[in-house]
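The listed protein sequences derive, respectively, from chains A and B.
Residues 1428 to 1773 in this note's numbering are what the first sequence spells out, letter by letter.
Residues 662 to 1004 in this note's numbering are what the second sequence spells out, letter by letter.
The hints are simulated quantities; they were obtained by calculation from the structure and are not laboratory data.
Treat the numbers as computed from the prediction; the structure is a model and nothing was measured.
Ideal placement from N, C-alpha and C gives every residue a C-beta, glycine not left out.
Each statement offered as a hint is correct.
Now the in silico label distances, taken between C-beta atoms and shown as ranges:
#, chain 1, residue 1, chain 2, residue 2, range
1, A, G1739, B, E722, 58 to 64 Å
2, A, I1454, B, D846, 49 to 55 Å
3, A, G1481, B, L802, 47 to 53 Å
4, B, L802, A, R1615, 27 to 33 Å
5, A, P1641, B, S1001, 31 to 37 Å
6, B, R755, A, A1473, 50 to 56 Å
7, A, N1488, B, D846, 41 to 47 Å
8, B, R1002, A, I1454, 47 to 53 Å
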Amino acid sequence: MSAPMKSKAPSAPKLRTRPFTASLILIGGISALVLSLALSISVGAANISLSTVGEAVFRFNPDLTDHLVIKELRMPRAIAGALVGAAFAVAGAVMQGMTRNPLADSSLLGINAGAGLMLAVCFAFFPGLSYLKLMFMSFGGAAIGLGLVYGIGSLAKGGLTPVRITLAGAAVGALLVALAEGIAIYFRVGQDLAFWYAGGIAGTKWLQIQVIAPWIIGALLAAAVISRSITLLSLGDDVAAGLGQRTGLVKAAGVVIVLLLAGAAVSAVGSVGFAGLIIPHIARFLVGVDYRWIIPCSAVLGSLLMVFADIGARMVNPPAETPIGMIIAVIGVPFFLYLITRMRGE
Amino acid sequence: MSTLYVTATEQRRKKRAYIVIAALSSLIIISFMISMNTGYIRLSPLDVLKTLFGGGTEKQELILFDFRLPRIVISVLIGAGFAVSGAIIQGLSRNPLADPGLLGINAGASLAVVLFISFYPATERGSIFLMPFLALLGAALTALLIFAFSYKRSHGLMPTRMILVGIAFAAGISATIQILQIRLDPNQFQFIAVWMAGNIWGTNWKFVLALLPWLLFILPFVFYKAKVLDALNLGDQLAAGLGAQVNKERAWLLAAAVGLAGSCVAVGGGIGFVGLIAPHVARRLVGPQHQALLPASALTGGLLVLVADTLGRWIIQPDGIPTGIVVAVIGAPYFLYLLSRSK
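Please model the complete structure; the sequences and the hints are all you need to start from.
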């Protein structure tokens, strides 16, 4: 689906794109995002009117409970949702473009598995670590997972081919997940881990946002900068090289971007992996195969999905929180199936 | 001239395939002997041989024939079943990441088991025997749904679409499992965690009898269809040009893959990783032709699970480690080693 006509290379390949639809999605999506953020701040265990939300944002008064709830609980949560959603979606888009595999997402680089293993180790051996420390540890785990995949992938003679990375990623992922499962079963910390993963963005504080936001925003911008090169890579390494791309450099940049995005997002909210897989598909379906449009649209759509899913997580069964992964699956799976059945046969 | 060359390479490849298959078979036999010796109660190799030929004490016979032998047979069968299932799916979808898990089989089976555990405690003796059937039912239902979504009258079953649908279903189902799991009490949670990690718990001849007919029926059928798989692997148009009835053959082969993986997951839990890596390992050993690849995959898978199960019993006694975990821990590094050596 993502690798059309190799044969037309190397004269500039013709791409099926819909810039008009894409601009529409971007403008409409961003306005919808602003609205959904406001909505997300206003609904919850105690409903707060939208006008109060506006007041709290623009004329904050520390003496009012509602304003405090908004500033300390609701706002960080909504913003974290938007950031993390964009991060997962763009990481998935970059991965799918670089590996030319429609099944690729950040979990294929060992990122989710590495973070999961590190969390299992922390829960088993260092119980009671602070939230921030857990976050750093799991980011470290993500980096180790990625390092393993790339280290092993590049040991081979032919260097890093997309197929080899994908296979190395699947194997390293399986290995790390198995180790994490083993630790979880042996030390009986599985259910704690499940709670952590299901927790989503419920307890996000400003501190966490201050830690992850600069990295995520920087990586999103960087992804936009290299999006043209990713389009070329998605047509095949030969095409990209023929058109004057330094493919090695672009791939290295892409990997760092994916690590920053997915690593930060996973360590902040756990693995909500499905978002990273489906959003790029949806974006590609809507705007065509040019990553200059796919990447920004994925970011906007990913944010929207995550913010809405988080609203849903609070509304389904109040005051209890429903795991956000479930909500995303409930929204995402039918829509994804609909898209698939609309796709022409392949 | 060129035909001569082709037959020469063909012959070399055949010879290589025979050597690999013979080597894998002997390795299975060696692991079989070692596995017979492994466990909480030690038996010397001589005792094992004696007992096998009918000269052991009653206790030795009980241990070997009623506990260890069925477990060993089941390990090999499960490994072979998953591996061939994976080889079929990789061949049909032409995607190296495809494995039986992508058909939603593991997820469906897990959901059935988790649902059951949520409502009935697992410790009761009867329920243990009920679970393989529930797992098979869950797996079959999920596979049917996935088929229904990836079938179009004009195109038949579409492999790419099937993989995407499978991923969507697997994601939806695991989210549901996640929710159910959080509500379980810690003991039930532990049971489910072990089951999902892939544990061979059918250590009983009944399970062998439940599993064997499926494999005896499906494996020969798949081996018989090896040439068709080769043709389908070239792409639909070429396959049709070669005279294969693409849609019909594909549907049959997929059904075979589901049957194999479904019956294996029922007895062995989520050891699906075998289905991903065994065909890859076999492909590096004997090449891409399915006539050699399918038996080599079956043997590789059987060997891997047998070794993993033996190690799992040996490392932590008497509880053992879930076999699926050991499979990944020994299978993944070997797979990565092969990957780094390939051109």
